[in-house]
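A.B. asks: Respectively, the protein sequence lines represent chains A and B. Using the working numbering, read the first sequence as starting at 1 and increasing by one per residue. Using the working numbering, read the second sequence as starting at 1 and increasing by one per residue.
Simulated from the structure, these hints should not be mistaken for lab results. Model, not experiment: these values are computed from the prediction. All C-beta atoms in this analysis are idealised placements derived from N, C-alpha and C, irrespective of residue type, glycine included. Don't take every hint at face value.
DEER-style ranges, computed between Cβ atoms [what the hints assert, rightly or not]:
{"no.": "1", "chain 1": "A", "residue 1": "Gly281", "chain 2": "B", "residue 2": "Leu14", "range": "57 to 65 Å"}
{"no.": "2", "chain 1": "B", "residue 1": "Asp287", "chain 2": "A", "residue 2": "Thr113", "range": "52 to 60 Å"}
{"no.": "3", "chain 1": "B", "residue 1": "Val276", "chain 2": "A", "residue 2": "Asp151", "range": "53 to 61 Å"}
{"no.": "4", "chain 1": "B", "residue 1": "Ala312", "chain 2": "A", "residue 2": "Val422", "range": "26 to 34 Å"}
{"no.": "5", "chain 1": "B", "residue 1": "Ala312", "chain 2": "A", "residue 2": "Thr276", "range": "52 to 60 Å"}
{"no.": "6", "chain 1": "B", "residue 1": "Ala310", "chain 2": "A", "residue 2": "Glu267", "range": "49 to 57 Å"}
{"no.": "7", "chain 1": "B", "residue 1": "Asp287", "chain 2": "A", "residue 2": "Arg105", "range": "17 to 25 Å"}
{"no.": "8", "chain 1": "A", "residue 1": "Arg105", "chain 2": "B", "residue 2": "Lys173", "range": "44 to 52 Å"}
{"no.": "9", "chain 1": "A", "residue 1": "Asn144", "chain 2": "B", "residue 2": "Gln92", "range": "48 to 56 Å"}
{"no.": "10", "chain 1": "B", "residue 1": "Val295", "chain 2": "A", "residue 2": "Thr421", "range": "49 to 57 Å"}
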Amino acid sequence: MSSSFSGISTALSGLMAHRKAMDIAGNNIANANTAGYTRQRTDLQSIPGQSVPSLFSTGSLSGNGVSVAGVTRMGDEFLNGKVRSQVSTYADLSGRAATLVDLERIVNEPSTTGLSSQLGKMWDAWSKLVTAPSSDAARVAVINTSQGVVDTLANAAGAVNSLWSQTRAEASAQVDEANAVAADVADLNKKIKSIVASGGQANELMDQRDQAVVRLAELTGAVAEPADDSGVVDVHLRGGALVQGGRAQRLELAGSSSMQAVRAGGEDLHLQWASTGTDVGALVGGSVSATFAALNGAIPDEAAVYDEIARTLATKVNAAHTQGYLANGAPGGSFFGVLAGSSAYTATSIRLAVTETQQIAAAGPAGSGISNTDGSNADKIFQISSDDGHGDPSAAGPDRKWAAHVVDIGSRTQTASLRSTVTQATMAASVSDQQAAAGVSLDEETANLLVIQRAYEGAARVLTAVDQALDTLINRTGLVGR
Amino acid sequence: MTRVTHRTMQESTLANLQRNLTSMSSLQERLSTGKNINRASDDPTGTVSVLQLRQDLRAAEQYSRNADDGLAWLTTIDTALQTTSAQLRKAQDLTLSALNQGAQSEDSRAAIALELRGIKDSVLGLANTKYLDRSVFAGTTGMDSAYALNDTAAPSGHVYAQTSAAVAAPDSKDGQVLRRIDAATQVRVDIDGRKAFGDDQEMSGPDDFAKMSVFTLLDRVAGLVQTSGEPDLTSINAAYGALKTRMTAVGAALSDVGTNMNRLSSAQDVAEDRKVALSSALSGVEDTDLTETIVQMQMQEVAYKAALGATAKVLQPSLMDFLR
Chain A
1 MSSSFSGIST
11 ALSGLMAHRK
21 AMDIAGNNIA
31 NANTAGYTRQ
41 RTDLQSIPGQ
51 SVPSLFSTGS
61 LSGNGVSVAG
71 VTRMGDEFLN
81 GKVRSQVSTY
91 ADLSGRAATL
101 VDLERIVNEP
111 STTGLSSQLG
121 KMWDAWSKLV
131 TAPSSDAARV
141 AVINTSQGVV
151 DTLANAAGAV
161 NSLWSQTRAE
171 ASAQVDEANA
181 VAADVADLNK
191 KIKSIVASGG
201 QANELMDQRD
211 QAVVRLAELT
221 GAVAEPADDS
231 GVVDVHLRGG
241 ALVQGGRAQR
251 LELAGSSSMQ
261 AVRAGGEDLH
271 LQWASTGTDV
281 GALVGGSVSA
291 TFAALNGAIP
301 DEAAVYDEIA
311 RTLATKVNAA
321 HTQGYLANGA
331 PGGSFFGVLA
341 GSSAYTATSI
351 RLAVTETQQI
361 AAAGPAGSGI
371 SNTDGSNADK
381 IFQISSDDGH
391 GDPSAAGPDR
401 KWAAHVVDIG
411 SRTQTASLRS
421 TVTQATMAAS
431 VSDQQAAAGV
441 SLDEETANLL
451 VIQRAYEGAA
461 RVLTAVDQAL
471 DTLINRTGLV
481 GR
Chain B
1 MTRVTHRTMQ
11 ESTLANLQRN
21 LTSMSSLQER
31 LSTGKNINRA
41 SDDPTGTVSV
51 LQLRQDLRAA
61 EQYSRNADDG
71 LAWLTTIDTA
81 LQTTSAQLRK
91 AQDLTLSALN
101 QGAQSEDSRA
111 AIALELRGIK
121 DSVLGLANTK
131 YLDRSVFAGT
141 TGMDSAYALN
151 DTAAPSGHVY
161 AQTSAAVAAP
171 DSKDGQVLRR
181 IDAATQVRVD
191 IDGRKAFGDD
201 QEMSGPDDFA
211 KMSVFTLLDR
221 VAGLVQTSGE
231 PDLTSINAAY
241 GALKTRMTAV
251 GAALSDVGTN
261 MNRLSSAQDV
271 AEDRKVALSS
281 ALSGVEDTDL
291 TETIVQMQMQ
301 EVAYKAALGA
311 TAKVLQPSLM
321 DFLR
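All chains should be modelled from the sequences, with the hints used to inform the complete structure.
C.D. replies: The following block contains the structure:
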């Protein structure tokens, strides 16, 4: 036989449980647009009646109402892992594509201001010099258009160099951010652990921590896995522990500090553990990986192309120019030279050796008598414009080499952009899967709210009913015939 | 079944709108620039075609300009040689009439000699004809004139401006004025003055008619004709023969000029045709097909509007609208 008042406590448990459920639904609705928020569900549990057989146990009893067993985060750890891996792949590929897009912008082809049209203008000037070798105007045009080519090469090389420096600064910022985020993850891990240990709910902190872990994966391609049942997550990077429980290990950016150093065979940019100074290893995914690929490969390679164009141009033109003769019959010197202090022709060191119009060796034959108005050597130099190296691309003239490079960077950019777009779609799909599991649906919450509200009203009704029953019992009983 | 929430719907809608807008902007770029290829990655192989076609087009323009310039040279030379030929014919006639001894008095011979000297001056002027301030018969020298009278130092007489370098190697193109009409061909657009007018470089004496320039020859004939006593008919006859040879040489030079003019004008036609062909090929590769792009643009716009309409409908309703 149960107590007369047990009905009240049953109704009260219903009121309290549904208040709690209402709070949770309200929290879900409030966070409907919060990034990284995982919807929560109130787990209700009925309180069983006395069921252990004993001396005074009395037959079958009803339950004792309801209690809140817990609040569940509706996220799916596997979907979260999928999102992390996709996000880091996308960060890597989109970073690589972005570098190529930048380089392609520097290439600036096809356009009327790019290197190919500057070269074209220079060859035009040489060709015009063939028809008018005695014209000072034609000679001035050769010098000016050649200076245009030299300037274009220098500008492009400068732009590539500053792109390297920017990217280097970006790498350093990324590593700093990764360290800060890793420290955050460790800190949150610590808090979560202590809250969970004391039996509390750390769902919101877990949301924050998971967001930070995603950011860490996006930056470095790190992988995460739950450490134990206490809600703590460990983050590993290439086998090393970036975050272990409440402790984060610092990363350091190491390697050459200038593009010249990288190109001279210096140490590649890489990550190392700050505590031990050991190499982290090649990163898989993450934007730092893309940044390193740019710093160690794509950008220095691009600079090498400009240097190669400058070298080809200078050696080919000089070879022809030194075989020609000036208008006064004297042999021609070098047409292109290098900046004082440099030894090789590079995009930045190449200069015009010829400054006076009369230093241009337009004439083919030696001798003062017939070289004054001869333009056959200028014609020979003009022929460099269509020099295809006789089938050997490495021996081709600057124009062919440049065209080959343009198609190369064009197709690499196209492929990289395509890959990045495809990964973006895959990433969007997995984010959407994750959102589908963890996102708040307002309709659902409203429906839940409705049900909870009705249940609350019902519980209140039960309370009233019990109250009335007791009123009858206490106040009306024994008054018959009075 | 995938759970759908307002948030996922909003995100996918935004992503779709973004995709639509991206397509619109790429079409817009093509329309506003008029180019299909705005950066190398738009069409890498097309880009290389563009670069190659532009280079070929520049070369074709240059070849066409070269042919124009060459034709101007050859026309100048042609005129000069035609006139020279007419003048020499007249000199021949005069010499012939001087040979006709009975009909000539000393005075009339003096008149013939005067006329011959006049012809010599005019031929010398023609031999020094210039085009754009360059003597067309002087090859690649920078001299003011192809022939100058050298009466101070040996060798005396009318000395050709060009040194003997070109003579040394018969196959050598040294000293020739050449114009490139395609990647492999150059056409000569001048005439070596010595070929038409001869020079006095190897003249052994006043009667070495065969190795004498036409100017010296005409002077010499005038000298032979204008004499107070009996004219030296044998010498005049020999000089007459030399004049005839010179006429033939001028004729040969004229036919050279004609041949080269033909080559140049056909090269010019080829270059012009090639320019048109290359321009249209270039336009085919890099220019936007306006009709097609505008139609695509319209379709894209319809799609975008539909997406916007759907977004407005999809994000509006909520269960809350139906609960009191």
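A.B. asks: Work down the list of hints and note, for each, if the structure agrees.
C.D. replies: To see whether the hints hold, each was checked on the structure:
no.	hint	in the structure
1	A:Gly281 to B:Leu14: 57 to 65 Å	violated, 38 Å
2	B:Asp287 to A:Thr113: 52 to 60 Å	violated, 19 Å
3	B:Val276 to A:Asp151: 53 to 61 Å	violated, 34 Å
4	B:Ala312 to A:Val422: 26 to 34 Å	holds, 30 Å
5	B:Ala312 to A:Thr276: 52 to 60 Å	holds, 58 Å
6	B:Ala310 to A:Glu267: 49 to 57 Å	holds, 55 Å
7	B:Asp287 to A:Arg105: 17 to 25 Å	holds, 22 Å
8	A:Arg105 to B:Lys173: 44 to 52 Å	holds, 46 Å
9	A:Asn144 to B:Gln92: 48 to 56 Å	holds, 54 Å
10	B:Val295 to A:Thr421: 49 to 57 Å	violated, 25 Å
In summary, the numbered hints that this structure violates are 1, 2, 3 and 10.
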